[in-house]
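*Asks:* Each chain, letter by letter, is given below.
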Amino acid sequence: MQIKVVMAKLGLDIHWRGALVVSRMLRDEGMEVVYLGNQFPEQIVEAAIQEGADVIGLSTLGGNHLTLGPKVVKLAREKGVDALVIMGGVIPEDDIPLLKEAGIAEVFGPETKVESIATFIREHVGKTIG
Amino acid sequence: MNEASSYFEKKSDVILGKLLKEVENQTANSIEILRESSARKGTAHIVGITGPPGSGKSTLVNKLCKTLAKSGIEIGIVAVDPTSPFTKGALLGDRTRMQELSGLSNVFIKSLATRGNLGGLAPTTADIVQVLDAYGKELIIIETVGVGQIEFDVLEIADTVVLVNVPGLGDSLQTLKAGIMEIADIYVVNQADRPGADESVRDLKMMVREKLQENWEQPVLKTIATNNEGMIELIDQIQRHKEFLLHSNRWDEKRKTRNLTRLNHLMIQSLNNEVDSYIRRKQGIQIKIQQVKEGKLDPYTLSDHIVEQLIKKHGGM
Amino acid sequence: MTKTNVNQGAKLFNQEVVREIEAQKERWKKETVKGKTGDGEYFSDSGIPVNLLYTPDDIKELNYMKDIGLSGEAPYVRGVYPNMYRGRLFTVRQIAGYGTPEDTNDRFKFLLKNGATGTSVVLDLPTIRGYDSDDPEAEGHVGAAGVAIDSLEDIEALYDGIPIDEISSNIVTHLPSTTVVIMAMFAAMAEKKGIPFEKLSGTNQNDFLMETAIGSSLEVLPPKASFRLQCDAIEFASKNLPRWNPVSYNGYNLREAGTDAVAEVACALANAIATSEELIRRGNKIDDFAKRLSFFWNLYNDFFEEIAKCRASRVVYQEIMKERFKAEEMKSQLMRFHVQTAGITLTKVEPLNNIARSAIQGLAAVLGGAQSLHVDSYDEAYSAPTEESALISIRTQQIIQTETNVVNTVDPLAGSYFVEYLTKEMAQRIRDYISEIESRGGLVACVDSGWLHREIADFAYQTQKDIENGTRKIVGLNYFPSEEHAGQKVEVFRYPETAEAKQKEKLKRLRQKRDAKKVEEKLNVIREMCHKDVNLMPYIKDAVLEYATLGEIEEVFREEFGLWQFPLA
Ligand code: B12
Ligand SMILES: Nc1nc2c(ncn2[C@@H]2O[C@H](COP(=O)(O)OP(=O)(O)OP(=O)(O)O)[C@@H](O)[C@H]2O)c(=O)[nH]1
Ligand SMILES: [Mg+2]
Numbered sequence: 000m001q002i003k004v005v006m007a008k009l010g011l012d013i014h015w016r017g018a019l020v021v022s023r024m025l026r027d028e029g030m031e032v033v034y035l036g037n038q039f040p041e042q043i044v045e046a047a048i049q050e051g052a053d054v055i056g057l058s059t060l061g062g063n064h065l066t067l068g069p070k071v072v073k074l075a076r077e078k079g080v081d082a083l084v085i086m087g088g089v090i091p092e093d094d095i096p097l098l099k100e101a102g103i104a105e106v107f108g109p110e111t112k113v114e115s116i117a118t119f120i121r122e123h124v125g126k127t128i129g
Numbered sequence: 000m001n002e003a004s005s006y007f008e009k010k011s012d013v014i015l016g017k018l019l020k021e022v023e024n025q026t027a028n029s030i031e032i033l034r035e036s037s038a039r040k041g042t043a044h045i046v047g048i049t050g051p052p053g054s055g056k057s058t059l060v061n062k063l064c065k066t067l068a069k070s071g072i073e074i075g076i077v078a079v080d081p082t083s084p085f086t087k088g089a090l091l092g093d094r095t096r097m098q099e100l101s102g103l104s105n106v107f108i109k110s111l112a113t114r115g116n117l118g119g120l121a122p123t124t125a126d127i128v129q130v131l132d133a134y135g136k137e138l139i140i141i142e143t144v145g146v147g148q149i150e151f152d153v154l155e156i157a158d159t160v161v162l163v164n165v166p167g168l169g170d171s172l173q174t175l176k177a178g179i180m181e182i183a184d185i186y187v188v189n190q191a192d193r194p195g196a197d198e199s200v201r202d203l204k205m206m207v208r209e210k211l212q213e214n215w216e217q218p219v220l221k222t223i224a225t226n227n228e229g230m231i232e233l234i235d236q237i238q239r240h241k242e243f244l245l246h247s248n249r250w251d252e253k254r255k256t257r258n259l260t261r262l263n264h265l266m267i268q269s270l271n272n273e274v275d276s277y278i279r280r281k282q283g284i285q286i287k288i289q290q291v292k293e294g295k296l297d298p299y300t301l302s303d304h305i306v307e308q309l310i311k312k313h314g315g316m
Numbered sequence: 000m001t002k003t004n005v006n007q008g009a010k011l012f013n014q015e016v017v018r019e020i021e022a023q024k025e026r027w028k029k030e031t032v033k034g035k036t037g038d039g040e041y042f043s044d045s046g047i048p049v050n051l052l053y054t055p056d057d058i059k060e061l062n063y064m065k066d067i068g069l070s071g072e073a074p075y076v077r078g079v080y081p082n083m084y085r086g087r088l089f090t091v092r093q094i095a096g097y098g099t100p101e102d103t104n105d106r107f108k109f110l111l112k113n114g115a116t117g118t119s120v121v122l123d124l125p126t127i128r129g130y131d132s133d134d135p136e137a138e139g140h141v142g143a144a145g146v147a148i149d150s151l152e153d154i155e156a157l158y159d160g161i162p163i164d165e166i167s168s169n170i171v172t173h174l175p176s177t178t179v180v181i182m183a184m185f186a187a188m189a190e191k192k193g194i195p196f197e198k199l200s201g202t203n204q205n206d207f208l209m210e211t212a213i214g215s216s217l218e219v220l221p222p223k224a225s226f227r228l229q230c231d232a233i234e235f236a237s238k239n240l241p242r243w244n245p246v247s248y249n250g251y252n253l254r255e256a257g258t259d260a261v262a263e264v265a266c267a268l269a270n271a272i273a274t275s276e277e278l279i280r281r282g283n284k285i286d287d288f289a290k291r292l293s294f295f296w297n298l299y300n301d302f303f304e305e306i307a308k309c310r311a312s313r314v315v316y317q318e319i320m321k322e323r324f325k326a327e328e329m330k331s332q333l334m335r336f337h338v339q340t341a342g343i344t345l346t347k348v349e350p351l352n353n354i355a356r357s358a359i360q361g362l363a364a365v366l367g368g369a370q371s372l373h374v375d376s377y378d379e380a381y382s383a384p385t386e387e388s389a390l391i392s393i394r395t396q397q398i399i400q401t402e403t404n405v406v407n408t409v410d411p412l413a414g415s416y417f418v419e420y421l422t423k424e425m426a427q428r429i430r431d432y433i434s435e436i437e438s439r440g441g442l443v444a445c446v447d448s449g450w451l452h453r454e455i456a457d458f459a460y461q462t463q464k465d466i467e468n469g470t471r472k473i474v475g476l477n478y479f480p481s482e483e484h485a486g487q488k489v490e491v492f493r494y495p496e497t498a499e500a501k502q503k504e505k506l507k508r509l510r511q512k513r514d515a516k517k518v519e520e521k522l523n524v525i526r527e528m529c530h531k532d533v534n535l536m537p538y539i540k541d542a543v544l545e546y547a548t549l550g551e552i553e554e555v556f557r558e559e560f561g562l563w564q565f566p567l568a
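Residue numbers (numbering that gives the first Met the number 0), protein chains in the order written: chain X, 0 to 129; chain S, 0 to 316; chain E, 0 to 568.
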């Protein structure tokens, strides 16, 4: 099945380089990536609903991962969206357990090979417990 | 699947999202969903927005719908972007231009990838539109991929086709002339803040004069989508075209034609599937196909033979 | 003899000697190297072919006085000041900015105490993008990644106890829309303190590329509007703040987003060209404003290329100002630039290696003749620098300044056949790239059409692929990666989480105590002026003096100029 990813720059974070690179390379991995640009949790979840996203990708290097990241998962689950939520960017090691506890499936930091992100997605997509 | 009908009763974006996902992926459930939606499809006005890459289609759709949505009308948007022929993946970017529509409860946006289709739309576009229609959307806007001259699919699906161009058509007008240029119902010169807009409008008007439709003189409009300029006029023209269709019976004709087209598509698709699975089961035929491939057997004979066998299998004609 | 008497035909080397060298080189290739020169197979970071050996024949067409010259004289290859670092050392400038203005004020004082010679502040994302701390869009971002500034009150708190009439203040405003407001606040603060504008020295980034192509955001002003604000700030400063650099053309950020060294400089220069044309259209003379234009470069690890880039950028700039715009004053033709080492080259794996990378890049900046320098910290890929890592960055600069002796003589690499060759080659490539931009209608049009954005995106994408497939080698990552050392423990800097509440509280009080009617009036004047061919700065200054907030002023911009998004490539 075609995997559909909704990719967003979280909130006001301006660093699009990583998000765009990952989006293009996931396309190269055969996925369909809907690029949202900068969005806040409500709009990201709305887009995931409309697009029938299998994966919600959040990119942030702006230090807003803890304030906005968990919100995305919470809103998604409330609305019955069971998409896999993953995150990437500059995120302190210590915050990762908190993000995972909040339901973010995995966090990918700088220097991650996009190939390994694709592998993770393929292995976990559709297995989210809502 | 009886639930399909109950889904259509409930009316929630979450459910609609799920239905469209099934249809988009042509899952086993999708047939039921389409059957159900076929019976329910209503009265949506289907508008195709087409034009060269980067002409501002998405921006235009954004501004258009931002204004339209204020009246409370239910809007569905289907935005199509190309699939990479090499990787089968796609980067769908139209939505970035439609940020102003997020948060509006009466606007629903679905992005589709062409998935190998060459006509400027995704293979399931018509299906998706049908479901949106059945779900009560009153206006459905289809943004095609940035077109060259061979992408005509939108004609089959849309009631009103808007062609979005940019100033300085010049040569491209010539190349497009024979193609998609001729078939639009409304012409827009977007990015009119760039030099050459008036010339383009003039050129288009001249071209239109040669190709007047029966009882409908295709309007040529100037817009600056980024500044929200010309949107009211465009909305008026789209509305006017809808009324023209309704009054001239074209509205019904188009729907009838579409019903038949749909029937044809479905039959051809089923036949194809039937042939495929038949061949897959018959070793002997596969050997013969190999012979055709090698040039040892002529394709006409084999083709006749396979079809004959198939018909026999189903108890003749 | 005056400089204008230079013999235009006088080449750097005697042409007979050159011919002899050429002949010898052919022989040497055959006999000594035995054909294995590898020429045509090695490249600099921006793709300039690099030969095995450089000799005078590689720069045989150079005329010393015309093409290289002496320091403090055109074409400024050797540096913009005659006695360079002997006259004044490069400014040690470390960025600070987090939490409330009061928090950042503390960090300023720490850095100054430890030898920083100017302040440099970064703003939080809501401030940069024009939202007040109590705006819903700001939620979760206040005081993170920079300091929150909402009103004149905050600027006053930020510079409390800092001698702004003695040391220079760098304010990383990035976007023109942010710049016009913050600059107006800075000027208003000085006005209130009774400091004459002539005493204010400092820099704003103020680059419309940052607003429209380099960074992304929810609501972006169209390129034309952003460019107009950029020019308003420059024009205002040129008339009122004689020691202020109202722009620092941001090659740096462009490069971080994704370009090579050539495009970095070319885009910044194309922006300077666009600015000059616009200000001249408005009736200014080139010599009125050109002396305060400044630049901001990014230095990667390709040591010689980066040094050559710095030298080449000065030549091309001089050419443009002198030949195209007929600038007469010397100061209008010399390019001053700030350097920051390349954050994008710093790794998360084995972070301590970054100290070595940054030192090499910082050294290149000094050898390239930079006027001021920021050395990135080893924890770049982790968080904003901690006090400890920031200190190492300052120490790195001080080591370059004092222990290496590189500052003792001017432009010490001049005359290296290789460096002169690269300088010449870089200059040509920069000129070509500028021509390409101009053939597409100039820089504003290149942004508007999405061309520039695609250039950046394609480069970023290709770089990532090259790193993943190993063609671009990065020590510790894809070159001798080491499991053991990959995860050195790094202490991360935490932004104070209390900033949002504090700023909201301040805003609440502010909105109560200021004269709401006056604020409204002043905002309406700005609104009206947005549609006139006038400079907005005086009207913005009037508004901030009444304590109109940054968010309120920028909302006016958004409403009046409309919004724009760059095309997704
Ligand atoms: C490049 C860069 C910039 C560029 C951004 C250009 C662009 N278009 O993206 C520029 C120069 C504009 C910039 C500006 C700023 N920056 Co900056 N920047 C960086 C830098 C050096 C590299 C980031 C990068 O692009 N790396 C390359 C890409 C490919 O990697 P990546 O984004 O990490 O992505 C990878 C993974 O993280 C992951 N990934 C990323 N997104 C996603 C999404 C999903 C779904 C998945 C699965 C994976 C994934 O996969 C990618 C591939 O491996 C980092 C430091 C660093 N080395 O990380 C600082 C850094 C991110 N910046 C920082 C800051 C503070 C800023 C500013 C906000 C400073 C300021 N206040 O002025 C400004 C923004 C100003 C503004 N106008 O808004 C801080 C952030 C601090 C924090 N969060 O705690 C950092 C960490 C530097 C630092 N140490 O201070 N920056
Ligand atoms: N100057 C100007 N730019 C515009 C106008 N309309 C759109 N644009 C810009 O043109 C670029 C492309 O716009 P899109 O809306 O993405 O164009 P598109 O036709 O949907 O593009 P594809 O879907 O890729 O074919 C964007 O940068 C828009 O901001 C306009 O009226 N004037
Ligand atoms: Mg589009």
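Heads up, a few of these hints could be off.
Claimed, not checked - Between beta-carbon pairs, the in silico distance windows are:
| id | chain 1 | residue 1 | chain 2 | residue 2 | range |
| --- | --- | --- | --- | --- | --- |
| 1 | S | Thr-26 | E | Ala-355 | 50 to 58 Å |
| 2 | S | Gly-102 | E | Thr-497 | 28 to 36 Å |
| 3 | E | Gln-397 | S | Gly-102 | 20 to 28 Å |
| 4 | X | Gly-125 | E | Gln-397 | 52 to 60 Å |
| 5 | S | Asn-272 | X | Lys-73 | 52 to 60 Å |
| 6 | E | Val-524 | X | Glu-122 | 32 to 40 Å |
| 7 | E | Glu-490 | X | Glu-122 | 32 to 40 Å |
| 8 | X | Glu-41 | S | Gln-25 | 48 to 56 Å |
| 9 | S | Ser-302 | E | Lys-472 | 52 to 60 Å |
| 10 | S | Pro-84 | X | Lys-73 | 38 to 46 Å |
| 11 | S | Gly-71 | X | Asp-94 | 51 to 59 Å |
| 12 | X | Lys-73 | S | His-264 | 57 to 65 Å |
To be verified - Distance condition first, Cα-Cα at most 20 Å in a straight line; then the derived SDA-like pairs of lysine to any residue:
| id | chain 1 | residue 1 | chain 2 | residue 2 |
| --- | --- | --- | --- | --- |
| 13 | X | Lys-70 | E | Leu-217 |
| 14 | X | Lys-112 | E | Leu-217 |
| 15 | X | Lys-78 | S | Glu-8 |
| 16 | X | Lys-73 | S | Ser-11 |
| 17 | S | Lys-17 | X | Asp-81 |
| 18 | S | Lys-17 | X | Glu-77 |
| 19 | S | Lys-210 | S | Asp-251 |
| 20 | S | Lys-17 | X | Leu-74 |
| 21 | S | Lys-65 | X | Glu-41 |
| 22 | S | Lys-40 | S | Ser-11 |
| 23 | S | Lys-87 | X | Glu-114 |
| 24 | S | Lys-20 | X | His-123 |
| 25 | X | Lys-70 | S | Val-13 |
| 26 | X | Lys-112 | E | Glu-349 |
| 27 | E | Lys-65 | E | Tyr-80 |
Hints are computed from structural coordinates only; laboratory data are not their basis. All C-beta atoms, glycine included, are put in the ideal place defined by N, C-alpha and C.
*Asks:* Hint by hint, note whether the structure agrees.
*Replies:* Hint check results:
1. Distance hint check: the CB atoms of Thr-26 (chain S) and Ala-355 (chain E) are about 55 Å apart, consistent with the given range 50 to 58 Å.
2. The hinted range of 28 to 36 Å is satisfied by Gly-102 (chain S) and Thr-497 (chain E), whose Cβ atoms lie roughly 30 Å apart.
3. Take Gln-397 (chain E) and Gly-102 (chain S): their Cβ atoms lie about 52 Å apart, and the range 20 to 28 Å is violated.
4. Here the CB-CB span from Gly-125 (chain X) to Gln-397 (chain E) is close to 56 Å, well matched to the stated 52 to 60 Å.
5. In this structure the supplied range 52 to 60 Å is violated for Asn-272 (chain S) paired with Lys-73 (chain X), their Cβ-Cβ distance being about 43 Å.
6. Between Val-524 (chain E) and Glu-122 (chain X) the beta carbon distance is about 60 Å. The supplied range of 32 to 40 Å is therefore violated.
7. Between Glu-490 (chain E) and Glu-122 (chain X) the C-beta distance comes to about 33 Å, which sits within the given range of 32 to 40 Å.
8. Restraint check, Glu-41 (chain X) to Gln-25 (chain S): a C-beta distance of roughly 31 Å breaks the suggested window 48 to 56 Å.
9. Between Ser-302 (chain S) and Lys-472 (chain E) the Cβ separation comes to about 57 Å, which falls inside the hinted range of 52 to 60 Å.
10. Against the hinted window of 38 to 46 Å, the Cβ-Cβ separation of Pro-84 (chain S) and Lys-73 (chain X) comes to about 39 Å, which satisfies the hint.
11. Between Gly-71 (chain S) and Asp-94 (chain X) the beta carbon distance is about 43 Å. The supplied range of 51 to 59 Å is therefore violated.
12. A beta carbon spacing of about 43 Å between Lys-73 (chain X) and His-264 (chain S) contradicts the range 57 to 65 Å that was offered as a hint.
13. Annotation: proposed proximity of Lys-70 (chain X) to Leu-217 (chain E) holds, straight-line Cα distance about 18 Å (limit 20 Å).
14. Under the criterion of a C-alpha separation no larger than 20 Å, the hint pairing Lys-112 (chain X) with Leu-217 (chain E) is inconsistent with the structure, at around 28 Å.
15. For a cut-off of 20 Å, the pair hint linking Lys-78 (chain X) to Glu-8 (chain S) stands: about 18 Å separates their Cα positions.
16. As the CA atoms of Lys-73 (chain X) and Ser-11 (chain S) are separated by approximately 19 Å, the hinted pair is consistent with the 20 Å bound.
17. Proximity of Lys-17 (chain S) to Asp-81 (chain X) is assessed by CA-CA distance (about 11 Å); at most 20 Å being required, the pair is judged to hold.
18. Distance hint between Lys-17 (chain S) and Glu-77 (chain X) is fulfilled; the C-alpha atoms sit about 15 Å from each other, no more than 20 Å.
19. At most 20 Å may separate the alpha-carbon atoms for a hinted pair to count; Lys-210 (chain S) and Asp-251 (chain S) exceed this at roughly 23 Å.
20. Restraint check for Lys-17 (chain S) and Leu-74 (chain X): the C-alpha separation of about 17 Å stays at or below 20 Å, so the hint holds.
21. A hinted pair counts as satisfied when its Cα atoms are at most 20 Å apart, and Lys-65 (chain S) with Glu-41 (chain X) qualifies at roughly 18 Å.
22. Straight-line distance between C-alpha atoms of Lys-40 (chain S) and Ser-11 (chain S) comes to about 17 Å, which keeps the hinted pair within the 20 Å bound.
23. The hinted pair formed by Lys-87 (chain S) and Glu-114 (chain X) meets the criterion: a straight-line CA distance of about 16 Å does not exceed 20 Å.
24. Of the pairs offered as hints, the one joining Lys-20 (chain S) and His-123 (chain X) holds, with about 19 Å between alpha carbons and a cut-off of 20 Å not exceeded.
25. Proximity of Lys-70 (chain X) to Val-13 (chain S) is assessed by CA-CA distance (about 18 Å); at most 20 Å being required, the pair is judged to hold.
26. About 17 Å separates the Cα atoms of Lys-112 (chain X) and Glu-349 (chain E), which keeps this hinted pair within 20 Å; it holds.
27. Restraint check: the Cα-Cα separation between Lys-65 (chain E) and Tyr-80 (chain E) comes to about 17 Å, which is no more than 20 Å; the hinted pair holds.
Going through the hint list in order, the structure does not satisfy hints 3, 5, 6, 8, 11, 12, 14, 19.
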